[in-house]
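Peer 1: Here is what each chain is made of, one letter per residue.
Number of protein chains: 2
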Amino acid sequence: MGATPLYFTLALSLPSVDKKWLADFSQSLKALAKQYNISLVGGDTSKGKLSITINATGFVEKNQALLRSGAQAGDPIFVSNTLGDAALAWQQIQKQQTPSSALLKQFNRPEPQVALAQSLLGIANSCIDISDGLEQDLSHILTCSKVGAGINLEALPLSSEVAQHIANTQDWCVALAGGDDYELCFTVPNAYINRIKAIEKDLDIKLTRLVRLLKRKD
Amino acid sequence: MGATPLYFTLALSLPSVDKKWLADFSQSLKALAKQYNISLVGGDTSKGKLSITINATGFVEKNQALLRSGAQAGDPIFVSNTLGDAALAWQQIQKQQTPSSALLKQFNRPEPQVALAQSLLGIANSCIDISDGLEQDLSHILTCSKVGAGINLEALPLSSEVAQHIANTQDWCVALAGGDDYELCFTVPNAYINRIKAIEKDLDIKLTRLVRLLKRKD
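First to last, the sequence lines map onto chains A and B. Oh and the first sequence: position 93 is 93 in my numbering, straight run, nothing missing. Oh and the second sequence: position 202 is 202 in my numbering, straight run, nothing missing.
Treat each hint with caution, since some may be false.
Which copy is meant is left open, because identical chains are indistinguishable; a pair holds if it fits in one copy or across any two.
To be verified - Taking lysine to any residue pairs in the SDA-like style, the calculated list, with each CA pair at most 25 angstroms apart, reads:
| hint | residue 1 | residue 2 |
| --- | --- | --- |
| 1 | K30 | H140 |
| 2 | K49 | Q136 |
| 3 | K47 | Q91 |
| 4 | K201 | K215 |
If you're looking for bench data, these hints aren't it; they were derived computationally from the structure.
Using the sequences and the hints given, assemble the complete structure.
Peer 2: Have a look at this one:
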C-alpha cells in the first residue's frame with residue numbers, strides 16, 4: 001500500500017452485450033480513472049460467464065511500501081471511516097430491500113483510500129485494505145507480522161445505520177466479516193501517534209484506534 | 001510487442017477447490033514464469049464461476065514498442081511457425097476426438113513468442129500476436145495502419161495435420177479464424193527483409209511471408 005497509481009488494465013468477460021450496462025460501467029470506471037489521473041492501458045474482452053478483473057498498478061519508492069508485515073507488539077491499530085456499510089447494503093439487496101443511498105454508495109462505489117495510504121508512508125509500519133472484512137484482513141497483518149490482537153467491539157467505527165442494525169440483530173458479522181468496504185487497517189508505532197491526528201485533519205477522514213497489538217502466544 | 005517480461009498477476013475465480021487441477025495449473029504457470037524469469041507479484045482468488053485472468057507486464061524502451069500501427073503499403077507480411085493447430089485441437093476435443101500430442105501442446109501450452117518479438121524491435125514496423133485468428137488480428141494491423149491486404153491461402157504456413165484437415169474438409173477457418181496459436185503476425189519494410197532470414201536462423205523459427213500490404217481503397 002501507499003503507491004501512486006500509474007495505470008490499470010481491464011479483463012471483461014460478458015455472456016452478452018448489454019449496451020446500457022456497458023455504458024454505465026465504462027462511465028463509472030472512466031470517472032474513477034480521471035480522478036486518479038490514470039489510463040486504461042490494456043486488457044481483454046471475451047464472451048463467457050460474467051467476470052471483471054481490474055488490475056491497478058502503482059509506483060512506490062524502494063523499501064517504502066506499506067506491507068502486511070512490520071507491525072510490532074504494542075502498536076495501536078487504526079481503521080479508516082466506518083465498517084460494514086457495504087456488507088449491510090448487500091445483505092439488504094439479497095433480502096429485496098432497498099438500501100439507503102449512503103449504504104449503496106459504499107457498496108457500488110467505494111472510494112479507494114489512496115491519499116490516506118500515501119500519507120501513511122513512513123508513519124504506519126503495516127497496512128492492508130479491508131476487502132474481506134476486518135477480522136480476515138487484520139489476520140493477514142497478524143500472521144505476516146507474527147503478533148496477536150484482541151478487538152474491542154465497542155471501539156469499531158460504525159455508521160448510524162450499521163450501529164442500529166447491530167443493536168437490533170446482534171449481527172456483528174457485517175462490521176467484522178462483511179468486506180467490500182475497502183477502508184484501510186494499519187498499525188502505527190507509538191512514536192508516530194501524533195501524526196495520525198494531523199492526517200485526519202488534512203484529509204478530513206475519520207481514523208479510529210481499535211486496540212494495541214499483543215505479543216503472539218505460540 | 002517486443003517488451004522484456006517483468007512480472008505477472010493472476011486473478012483466479014473457481015466454483016470449488018480441485019486440488020489436482022490447482023496443482024497442475026500452478027506447476028505449469030510456475031514453469032512458464034521460471035522460463036521467462038518473472039514473478040507472480042499479486043492478484044486475487046475468489047469463489048465464483050471459472051475465470052482466469054493473467055496480466056503480464058513487460059518493459060520496452062520509449063517509442064520502441066511494436067504497435068499495430070506503422071505498417072506501410074508495399075510491406076511484406078510475415079507470420080511465425082504454423083497456424084490453426086490450437087483451433088484444430090479444440091475442434092477435435094469438442095467432437096470427443098483425441099488430438100495428437102503436437103496439436104494438444106499448441107492448444108494447452110502455446111509458447112509466447114517473446115524472443116521473436118524482441119528480435120523484431122527496430123526491424124518490424126507493426127506486430128500483433130494471433131490470439132483471435134489471422135483474419136481478425138491482421139485486420140487490427142490493417143485498421144490501425146490504414147492499409148489493406150489480400151491473403152494468399154496457398155502461402156499460409158500449416159502443419160501437416162492442419163493441411164490434411166483442410167484438404168479433407170476445405171475448413172480454412174481453423175487456420176484463418178481459429179485463434180489461440182499466439183504466433184506473431186508482423187510487417188517489415190523491404191529494406192529489412194534480409195534481417196528476417198538471420199532471425200529465422202538465430203531463433204530456429206519458421207517465418208513465412210504471406211503477401212504485400214496494399215493501399216487501402218476508402
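Peer 1: Please go over all the hints and tell whether each is borne out by the structure.
Peer 2: Verification of the hints:
1. K30 with H140: This pair counts as between: shortest inter-copy Cα distance 24 angstroms, intra-copy 32 angstroms.
2. K49 with Q136: Intra 28 angstroms, inter 23 angstroms, cutoff 25 angstroms: inter-copy only.
3. K47 with Q91: between (29 angstroms within a copy, 18 angstroms between copies)
4. K201 with K215: Intra 31 angstroms, inter 62 angstroms, cutoff 25 angstroms: neither.
Taken one by one, the earlier hints fail for this structure only at number 4.
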